[in-house]
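As you go down the protein sequences, you meet chains A and B in turn. Under full-length UniProt numbering, the first sequence has 67 at position 67, and the numbering climbs by one with no breaks. Under full-length UniProt numbering, the second sequence has 153 at position 153, and the numbering climbs by one with no breaks.
Be aware that one or more of the hints could be misleading.
Unchecked claim - Stretch-level coverage of chain A by chain B, calculated; a stretch enters the list once three of its residues show a Cβ under 8 Å from a Cβ in chain B:
hint, segment
1, 153-164
2, 167-178
Claimed, not checked - Listed next, with one range per pair, are the computed distances between beta-carbon atoms:
hint, chain 1, residue 1, chain 2, residue 2, range
3, B, 130, A, 186, 35 to 43 Å
4, B, 197, A, 61, 20 to 28 Å
5, B, 62, A, 71, 30 to 38 Å
6, B, 19, A, 174, 51 to 59 Å
7, B, 19, A, 154, 42 to 50 Å
8, A, 149, B, 20, 39 to 47 Å
9, A, 20, B, 82, 24 to 32 Å
What the hints contain is simulated information worked out from the structure, not anything from laboratory work. C-beta atoms are modelled at their ideal positions from N, C-alpha and C, and glycine is treated no differently.
Protein chains: 2
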Amino acid sequence: MTARAFVPGHVTGFFSVHAHDDPVVAGSRGAGLALSDGVTVTVDPVETVGDGGVVLDGDSVEMPAVTGVVERLGTDARVVAETDLPISAGFGVSGACALGTALALDAATAGGHTERELVAVAHASEVEAGTGLGDVVGQARGGMPIRLDPGAPPRGYLDGLPARPDVEYVTFGGLDTAEVIGGDTETLSRAGEEALETLRTSPTVETFMRACRRFSREAGLQTDEVRAAIEDVQSVGGEAAMAMLGQTVFALDDGLSRAGYDARSCRVTAGATLVGE
Amino acid sequence: MTARAFVPGHVTGFFSVHAHDDPVVAGSRGAGLALSDGVTVTVDPVETVGDGGVVLDGDSVEMPAVTGVVERLGTDARVVAETDLPISAGFGVSGACALGTALALDAATAGGHTERELVAVAHASEVEAGTGLGDVVGQARGGMPIRLDPGAPPRGYLDGLPARPDVEYVTFGGLDTAEVIGGDTETLSRAGEEALETLRTSPTVETFMRACRRFSREAGLQTDEVRAAIEDVQSVGGEAAMAMLGQTVFALDDGLSRAGYDARSCRVTAGATLVGE
Numbered sequence: 001m002t003a004r005a006f007v008p009g010h011v012t013g014f015f016s017v018h019a020h021d022d023p024v025v026a027g028s029r030g031a032g033l034a035l036s037d038g039v040t041v042t043v044d045p046v047e048t049v050g051d052g053g054v055v056l057d058g059d060s061v062e063m064p065a066v067t068g069v070v071e072r073l074g075t076d077a078r079v080v081a082e083t084d085l086p087i088s089a090g091f092g093v094s095g096a097c098a099l100g101t102a103l104a105l106d107a108a109t110a111g112g113h114t115e116r117e118l119v120a121v122a123h124a125s126e127v128e129a130g131t132g133l134g135d136v137v138g139q140a141r142g143g144m145p146i147r148l149d150p151g152a153p154p155r156g157y158l159d160g161l162p163a164r165p166d167v168e169y170v171t172f173g174g175l176d177t178a179e180v181i182g183g184d185t186e187t188l189s190r191a192g193e194e195a196l197e198t199l200r201t202s203p204t205v206e207t208f209m210r211a212c213r214r215f216s217r218e219a220g221l222q223t224d225e226v227r228a229a230i231e232d233v234q235s236v237g238g239e240a241a242m243a244m245l246g247q248t249v250f251a252l253d254d255g256l257s258r259a260g261y262d263a264r265s266c267r268v269t270a271g272a273t274l275v276g277e
Numbered sequence: 001m002t003a004r005a006f007v008p009g010h011v012t013g014f015f016s017v018h019a020h021d022d023p024v025v026a027g028s029r030g031a032g033l034a035l036s037d038g039v040t041v042t043v044d045p046v047e048t049v050g051d052g053g054v055v056l057d058g059d060s061v062e063m064p065a066v067t068g069v070v071e072r073l074g075t076d077a078r079v080v081a082e083t084d085l086p087i088s089a090g091f092g093v094s095g096a097c098a099l100g101t102a103l104a105l106d107a108a109t110a111g112g113h114t115e116r117e118l119v120a121v122a123h124a125s126e127v128e129a130g131t132g133l134g135d136v137v138g139q140a141r142g143g144m145p146i147r148l149d150p151g152a153p154p155r156g157y158l159d160g161l162p163a164r165p166d167v168e169y170v171t172f173g174g175l176d177t178a179e180v181i182g183g184d185t186e187t188l189s190r191a192g193e194e195a196l197e198t199l200r201t202s203p204t205v206e207t208f209m210r211a212c213r214r215f216s217r218e219a220g221l222q223t224d225e226v227r228a229a230i231e232d233v234q235s236v237g238g239e240a241a242m243a244m245l246g247q248t249v250f251a252l253d254d255g256l257s258r259a260g261y262d263a264r265s266c267r268v269t270a271g272a273t274l275v276g277e
């Protein structure tokens with residue numbers, strides 16, 4: 001029996017790194033958006049270990065976060081993922097594949113895990129793979145998640161902004177998540193903690209966007225193209241910021257289009273869920 | 001500025017009552033389903049206290065849970081709620097109106113509350129009104145919520161079953177929630193705690209349905225019509241149980257139709273959300 005899950009894309013606007021030996025406890029604090037552009041993951045359990053693998057948009061790929069989920073759930077599987085999102089550009093595609101695999105593989109095998117257990121499995125696998133620290137829990141929750149605590153359930157307390165804006169995005173290229181979160185993160189984390197404190201004091205979309213912009217500046221992550229696009233959107237009265245971690249700019253409503261960019265449009269959406277075949 | 005929210009219906013399958021002087025802390029433990037049949041709540045803030053009120057499906061009604069939300073948020077409002085769900089039949093319509101009012105009124109007034117804060121406001125208002133103990137937190141979360149702890153955020157830890165079955169339901173009449181949860185709840189709560197323990201040991205949809213049936217029997221809540229409908233569904237190989245608190249039977253997939261009932265059909269869905277006008 002195969003099963004299928006849809007996992008929203010997730011853009012982190014700011015974050016701080018919280019390392020821990022236990023990958024369920026490790027993670028990030030921060031805030032972001034779950035996007036209706038996401039990843040559909042179809043899972044087919046296989047009996048012989050080694051018969052599995054991951055196919056992403058038609059290409060056979062290595063995806064350690066997915067391999068980790070399959071190993072933790074103890075059943076090999078063929079995983080087919082399809083997405084319109086850019087890869088390695090700050091949309092949490094690896095986290096989406098990990099979480100989608102956890103949900104669908106559990107369903108396909110009648111594994112009997114709860115949602116929180118499957119989120120923890122996917123989060124731990126993603127952290128071990130070094131490809132993300134907070135996307136999985138944000139993708140599981142949906143909306144505009146505020147990650148008040150690092151880690152996965154039963155840790156990782158989340159809140160959220162109730163707003164559900166339309167979102168546009170444009171990507172100029174990737175950033176290496178493993179390199180950034182594996183390097184010196186002290187400055188970045190200090191900026192992320194300040195951004196979170198700012199958002200908690202005034203939990204609105206406007207404050208979120210402002211905190212994101214300040215974070216990416218202070219963390220020294222903005223490239224020239226990213227900076228220019230953000231300024232272009234602001235110059236037409238829009239709100240834009242940089243996606244962590246990619247050379248990606250996201251804007252509220254039609255801010256990028258109005259600034260003349262060829263942007264993709266989607267909206268803030270609900271969390272990951274099993275879907276019919 | 002008006003704003004609008006959609007809140008899923010919520011059927012509780014079993015529960016235990018946890019009283020407390022603080023309505024944010026009081027609540028229930030248990031499990032249920034969030035349904036795509038729900039309540040759309042449109043809120044229009046008004047400046048003069050007393051100009052507000054609640055209109056449900058075209059009729060002006062008293063709804064203390066909504067009044068409580070409006071008072072807590074400190075802005076009077078006109079609240080217009082529309083639903084296809086039966087009223088007072090175990091679908092959490094009052095909780096949906098309270099939560100929808102909290103989300104939409106905050107959006108309409110740029111109130112700057114987080115989702116968890118608005119859930120707590122709606123839960124406390126619903127508990128004080130005596131019309132529900134766990135619907136609001138289940139409706140906020142969506143899916144098949146397992147309420148591991150009573151109360152609202154930051155309390156009220158929830159998990160969920162990942163399954164998203166189609167659901168049918170039929171209603172034979174109402175039950176008075178305030179009468180049941182305000183009366184002697186010792187037997188009911190003992191049965192509810194046992195059902196939760198059973199589900200935690202084996203968190204599957206099948207176990208959930210079995211635990212619901214046992215709970216409604218042991219709590220002495222099944223009416224003759226409810227009992228007959230559940231048995232009719234089982235006799236055609238389906239899964240059915242009773243909704244708390246109403247003379248309502250819900251079934252997985254098309255169980256009620258197959259047993260010859262004129263049932264409404266919907267599906268398990270995501271949690272409450274603001275929607276466009």
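### Task
Using the Cβ atoms, figure out if residue 62 (chain B) sits within 30 to 38 Å of residue 71 (chain A).
About 57 Å separates the Cβ atoms of residue 62 (chain B) and residue 71 (chain A), which means 30 to 38 Å is violated.
### Message
Is 35 to 43 Å respected by the C-beta to C-beta distance linking residue 130 (chain B) and residue 186 (chain A)?
### Response
53 Å, violated
### Task
Look at the Cβ atoms of residue 197 (chain B) and residue 61 (chain A) and judge whether their distance stays inside 20 to 28 Å.
43 Å, violated
### Message
Verify the CB-CB distance for residue 20 (chain A) and residue 82 (chain B) against the hinted window 24 to 32 Å.
### Response
Since residue 20 (chain A) and residue 82 (chain B) have Cβ atoms about 48 Å apart, the given range 24 to 32 Å is violated.
#### Entry: Check of the segment 167-178 of chain A against chain B for coverage (Cβ-Cβ below 8 Å, three residues minimum)
With 0 residues close enough to chain B, the hint is violated.
### Message
Given the hint of 39 to 47 Å, is the C-beta distance from residue 149 (chain A) to residue 20 (chain B) inside that range or not?
### Response
25 Å, violated
### Query
Per the hint of 42 to 50 Å, is the separation of the Cβ atoms of residue 19 (chain B) and residue 154 (chain A) within bounds?
Cβ of residue 19 (chain B) to Cβ of residue 154 (chain A): about 25 Å, so the range 42 to 50 Å is violated.
#### Entry: Beta-carbon spacing of residue 19 (chain B) to residue 174 (chain A) - inside the hinted bounds 51 to 59 Å or not
54 Å, holds
### Query
If you look at each residue in the segment 153-164 of chain A, do at least three have a Cβ nearer than 8 Å to any Cβ of chain B?
Since three or more residues must qualify, the claim that chain B covers the segment 153-164 of chain A holds, with 9 doing so at under 8 Å.
Consistency with the previously given hints fails for numbers 2, 3, 4, 5, 7, 8 and 9, ordered from lowest to highest.
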